[in-house]
Every structure is written in C-alpha cells, then in structure tokens.
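**Student:** For reference, the chains in residue letters:
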Amino acid sequence: MKQLLTVEKLNVIYGHGKDSVHAVKDVTFNIKSGEIFGLVGESGCGKSSLGKAIVRLTDPSSGKMVFNGDNVSLLKGKALKDYRQEVQMVFQDPYGSLNPRMKVGNAIVDVLEVHRIGKNKAERRERVSELFDSVGLNREWAWRYPHEFSGGQRQRICIARALALKPDLLVADEPVSALDVSVQAEILQLLGKLRTDRGLAFLFVSHDLAVVRNICDRVAVMYNGEIVEMGDVADVIDHPQHEYTRKLLSAVPSF
Amino acid sequence: MTTADNILEVQNLSVHFGHGDETVKAVDDVSFVVGHGETLALVGESGSGKSISALSITKLTPRAARFEGGQVMFGGQNMLSLSDRELRGIRGSQISYIFQEPMVSFNPVYTIGWQIEEALKLHRKGIDRKVEISHLLDLVYLPDRLATAYPHQMSGGQLQRCMIAMALACSPELLVADEPTTALDVTVQREILNLLAELSKKVNLSVLMITHNFGIVSDLADHVCVMKKGKIVEEGQTRQVLDDPQHDYTKQLMAAVPRLHPAKGGGVSPMK
Numbered sequence: 001m002k003q004l005l006t007v008e009k010l011n012v013i014y015g016h017g018k019d020s021v022h023a024v025k026d027v028t029f030n031i032k033s034g035e036i037f038g039l040v041g042e043s044g045c046g047k048s049s050l051g052k053a054i055v056r057l058t059d060p061s062s063g064k065m066v067f068n069g070d071n072v073s074l075l076k077g078k079a080l081k082d083y084r085q086e087v088q089m090v091f092q093d094p095y096g097s098l099n100p101r102m103k104v105g106n107a108i109v110d111v112l113e114v115h116r117i118g119k120n121k122a123e124r125r126e127r128v129s130e131l132f133d134s135v136g137l138n139r140e141w142a143w144r145y146p147h148e149f150s151g152g153q154r155q156r157i158c159i160a161r162a163l164a165l166k167p168d169l170l171v172a173d174e175p176v177s178a179l180d181v182s183v184q185a186e187i188l189q190l191l192g193k194l195r196t197d198r199g200l201a202f203l204f205v206s207h208d209l210a211v212v213r214n215i216c217d218r219v220a221v222m223y224n225g226e227i228v229e230m231g232d233v234a235d236v237i238d239h240p241q242h243e244y245t246r247k248l249l250s251a252v253p254s255f
Numbered sequence: 001m002t003t004a005d006n007i008l009e010v011q012n013l014s015v016h017f018g019h020g021d022e023t024v025k026a027v028d029d030v031s032f033v034v035g036h037g038e039t040l041a042l043v044g045e046s047g048s049g050k051s052i053s054a055l056s057i058t059k060l061t062p063r064a065a066r067f068e069g070g071q072v073m074f075g076g077q078n079m080l081s082l083s084d085r086e087l088r089g090i091r092g093s094q095i096s097y098i099f100q101e102p103m104v105s106f107n108p109v110y111t112i113g114w115q116i117e118e119a120l121k122l123h124r125k126g127i128d129r130k131v132e133i134s135h136l137l138d139l140v141y142l143p144d145r146l147a148t149a150y151p152h153q154m155s156g157g158q159l160q161r162c163m164i165a166m167a168l169a170c171s172p173e174l175l176v177a178d179e180p181t182t183a184l185d186v187t188v189q190r191e192i193l194n195l196l197a198e199l200s201k202k203v204n205l206s207v208l209m210i211t212h213n214f215g216i217v218s219d220l221a222d223h224v225c226v227m228k229k230g231k232i233v234e235e236g237q238t239r240q241v242l243d244d245p246q247h248d249y250t251k252q253l254m255a256a257v258p259r260l261h262p263a264k265g266g267g268v269s270p271m272k
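Respectively, the protein sequence lines represent chains A and B. Numbering-wise (the UniProt record's numbering), the first sequence opens with residue 1 and increments by one. Numbering-wise (the UniProt record's numbering), the second sequence opens with residue 1 and increments by one.
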C-alpha cells in the first residue's frame, strides 16, 4: 500500500511564553491508503489537536505533513481549499455538528456549492441522495431537519457530509463516543464498509482501546502530547510496552 | 409491602405516553427488586424504557407520562400514591439520583459548595454544613478548596464526583445512577466506577444502575435486568446472565460491546 500521509516531527503549541501549552510534541507517523489508523489517549493528551492540525483546522507550529507527495503543512488559499477536498473530518457530537435550522440535505448541498461540484441544484441534490444511500439512510430523509433524527442517524449524516467531496482520508474524532453501544456497533460497521468500498483511509481518534481494537489496523498511543507507543493494533493490545498503554487497557470494562 | 431484604420493590409497573393509537408503552408491566446494599443494573439500548423506569420510582417522569398500573414500594409505602409534598421529602434525602451529563446537571452560576449545601439546608437541619461539605468532598477524593470552584473550572470526572458527593449529602438509602459514566473517558470512567463500588460497600448503599454497556454491568452489579421495548426480557445474577445469556436480545447487546480480545472473525456486531 502506498503512503497517503506522512507526519514528521509535528508540533502544535497554543499561546505564547509562560502561558503556552505544548499540545503536540514532535509527533511522527504515517497513514497508508485505505488504512484505519487509531489514535488513543485520555482527554487532554493532544489527540484532537493532532487531528485538527492534519485537517489544518489548527496550524502546526513546526514540523512537516506530506499528503500524496505534497507538503501540506504550509498550504494557503486555493491550495488549502483543494487539500480540504481530500481530507475531511467527522466530530464526536453529531447534535452539535448540524445547524438545527437547516435541512440536513442542504447542509451537504452547501459543501458542494462551496467547492463548485455539480452543474446545478438538481445535480447537487441528486448527489446528496447518492450520499444518503451510501451511509444507509433513506434518500427522502435528506429534506428533514436535524431534530427529526436519532443520534446514530445524525452521525451518519455527518459522515455523508464528510464524504461529499470524495476525500481520501477521513479524520474521525471520537465518532462513536456519544453513542449507545448498539448504535456504536452500527457506525463502526459503516466505517469499515466505506474503507472496503471506497478505499478510504481513516485517522480514528478515540479514548477507548476496545473500540480501536475492533476497527483499526494500527494504533498510536498518545500521552502528554507525545506518541509513547505505536504498532499493529493486536500487538499493542496483547503486548503493551509502555506503562500508560497498560493503564488504558486496564480501564476498559470487560466481562 | 417491602420485605426485610429488599429496599425497593417495583411491581407490575406500567407507564404510558400518548393516547389511543398513538400510545407508547414506555414501561410495560415491569417488576424488579433492589436488595439492601445490593446493586441492580437495568440494561437496554436507548428507548428501551430503562430511564423512565428509574425516574418513575420518585415520579420524576415528564408531565406527559401516565401511570397505568403497578406499585413502587419503598420504606413501607407505595411511592405512586404519595403527594408531591411527601415525595419531595423523600427525593434527595432517601432516594437520590446521579445523571449522565455532569456538565448540565450543575447550575453554572453557583459554586459547587453552594450547590451541595442546598441539599443539606433542605434535608439536614442543625448540622455544621461547612464541616459536612468538606467531609463529603473527602468521601469522593476531592480537595476541600474545590467547594469554592464553579462548575466550568472543573473537568467532567471531577464534576461527576461532585454530583456523587451531592447525592450522598443526605445519606440516602438508594442511589439511582442513570448512565453515570457514559459521557466520560474510559480512564475517568474506571475511576468513577471504582468509587461507586467502594462507596456502596463503605456506606452500605443500595444502587439502581442504568446503563447500555454490559462491561459496566459486569463491574458493578449483583443482579441485572435486561429491558427491551418497555419489558424486562431477562433477569438474573450478573455472572449467570453474562456467562449464559438466554434471550437473543441479551446476546445481541453483549455482542455489540467492543472487546479488547475479540473472538476470531469477531468484532462488534450491530443489533438486528
């Protein structure tokens, strides 16, 4: 498999001087095409900052990110907009990610308009219907408001919106943490299917190693801004090397 | 009547919403008991009626809910036949609740200490409240100084500890915990679960635990009732249900929990 994203010595620092917070410290890793790469750690460890830096929602302070052969850490303007077609994001809280006063389909039409995809409104609406099919939602539901959907359905809508630009990489920041286990299992299955059908790669950010074990190929464990352990997901879970990984493992309720 | 062994007995409880063709039987002929010092878990997916069952115990249900039958026996009386005034005397003092979202369960403009003190003012007259607040914070392993902190200054885990301290302020006999760790990180969840287990022993607390996660059930509960569409479809001792689930729905719920060591070809499977 070819390398899709290479991250080298990436740093994210918020604030200045004495008050600065070093959220991401010298992080290096790569993601291959069609791979699901897990990033685990507890709240405040820097995993979301890293995810946001990759989508360029946060600017990295130093370091290099190479996506499909291009250095993307310093992109601006038109080039940055083009990059955003290839890397998209899904957030934890599907309730907070949709405008309550906008029909969900229109939220997706907007994305297509901004990026000038589709010739006219009819074509864009047709594209929305296809996207709804691909995430397992009824096409007619696209013209309803967010409050008419359950949490799991809303997360499917957010995934459909992220897929609208046919990205190669999806950064999913705790996409199932706010969901019931039964709904969580459905969304995990959907993500797996998108990988198989479209060759989509994922950076899957989570605090739960059990979830990561069930969907990811490789995993990096993050602690205090640094990656402390990285490897095949089965290896890391069956033979954890770092003390912090062991602590995370022992926190998972099991039966 | 409650027997000597049980602190709470729910018998044939039915709670409905809506009328005629539109009737939703949120709780449909449900019976369960919580023994003294015991933890009972009600498990089910969203919409199964587990939260409405828990809220029914002190009639905290939404206004639209109709009690269609059954009784809730606590302390020798049927809670469903008590007046609002009598219920207020029991809520918070003998039966208290902790909820899923610690962030929205506190009033953002008052300090934590003020909010814990409110419960003491209502139910425990004539004690030194300052001392009691620091004792309660101590019980949940938080430093005294946090009494003067506002909710936004604390993490989710700290807030959930405060909520537990507040719930324990009047030494209740029964604690109802409605998805107390769902909004938390696994590491913080572990701390809160350990704390609840420890407290239930230390102060001999009976706990009714509402959850969708069988992993948590296995950690905390002595007995478990599995709910589906308003009915209890399976019940028994926790170990027994986990080791040998009888109902298909129970098996499906268990299969949906992600495991650290999935069986070969396993992974999580969604509900049918």
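Bear in mind the hints are in silico, worked out from the structure with no lab data behind them. Remember, predicted model here, so these are calculated numbers, not experimental data. Honestly, I wouldn't trust all of these hints.
Some residues of chain A that are not near chain B, with every Cβ distance over 12 Å (derived) [to be verified]:
| # | residue |
| --- | --- |
| 1 | 110 |
| 2 | 176 |
| 3 | 192 |
Taking lysine-lysine pairs in the DSSO-like style, the calculated list, with each CA pair at most 27 Å apart, reads [as the list claims (entries may be wrong)]:
| # | chain 1 | residue 1 | chain 2 | residue 2 |
| --- | --- | --- | --- | --- |
| 4 | A | 193 | B | 121 |
| 5 | A | 193 | A | 25 |
| 6 | B | 229 | B | 251 |
| 7 | A | 247 | B | 202 |
| 8 | B | 201 | B | 130 |
| 9 | A | 247 | B | 201 |
Just so you know, even glycine gets a beta-carbon here, dropped at the ideal spot from N, CA and C.
**Student:** Against this structure, judge whether each hint is valid.
**Tutor:** Here's how the hints hold up against the structure:
Taking the minimum C-beta to C-beta distance to chain B, about 30 Å, the non-interface status of residue 110/A holds against the 12 Å cut. Interface exclusion of residue 176/A from chain B breaks down, the closest Cβ pair being 9 Å apart, not more than 12 Å. Its closest Cβ contact with chain B, about 8 Å, brings residue 192/A to no more than 12 Å, contrary to its assignment away from the interface. Of the supplied pair hints, the one linking residue 193/A and residue 121/B is violated, its CA atoms being roughly 56 Å apart against a limit of 27 Å.
With a C-alpha separation of about 33 Å, the suggested pair residue 193/A and residue 25/A falls outside the 27 Å cut-off, and the hint is violated. Taking the CA atoms of residue 229/B and residue 251/B, the gap is about 16 Å. The hint holds against a cut of 27 Å. Between the alpha carbons of residue 247/A and residue 202/B the distance comes to roughly 26 Å, so the proposed pair stays at or under 27 Å and holds. Restraint check for residue 201/B and residue 130/B: satisfied, since their Cα atoms lie roughly 25 Å apart, inside the 27 Å limit.
Of the pairs offered as hints, the one joining residue 247/A and residue 201/B holds, with about 25 Å between alpha carbons and a cut-off of 27 Å not exceeded.
Going through the hint list in order, the structure does not satisfy hints 2, 3, 4 and 5.
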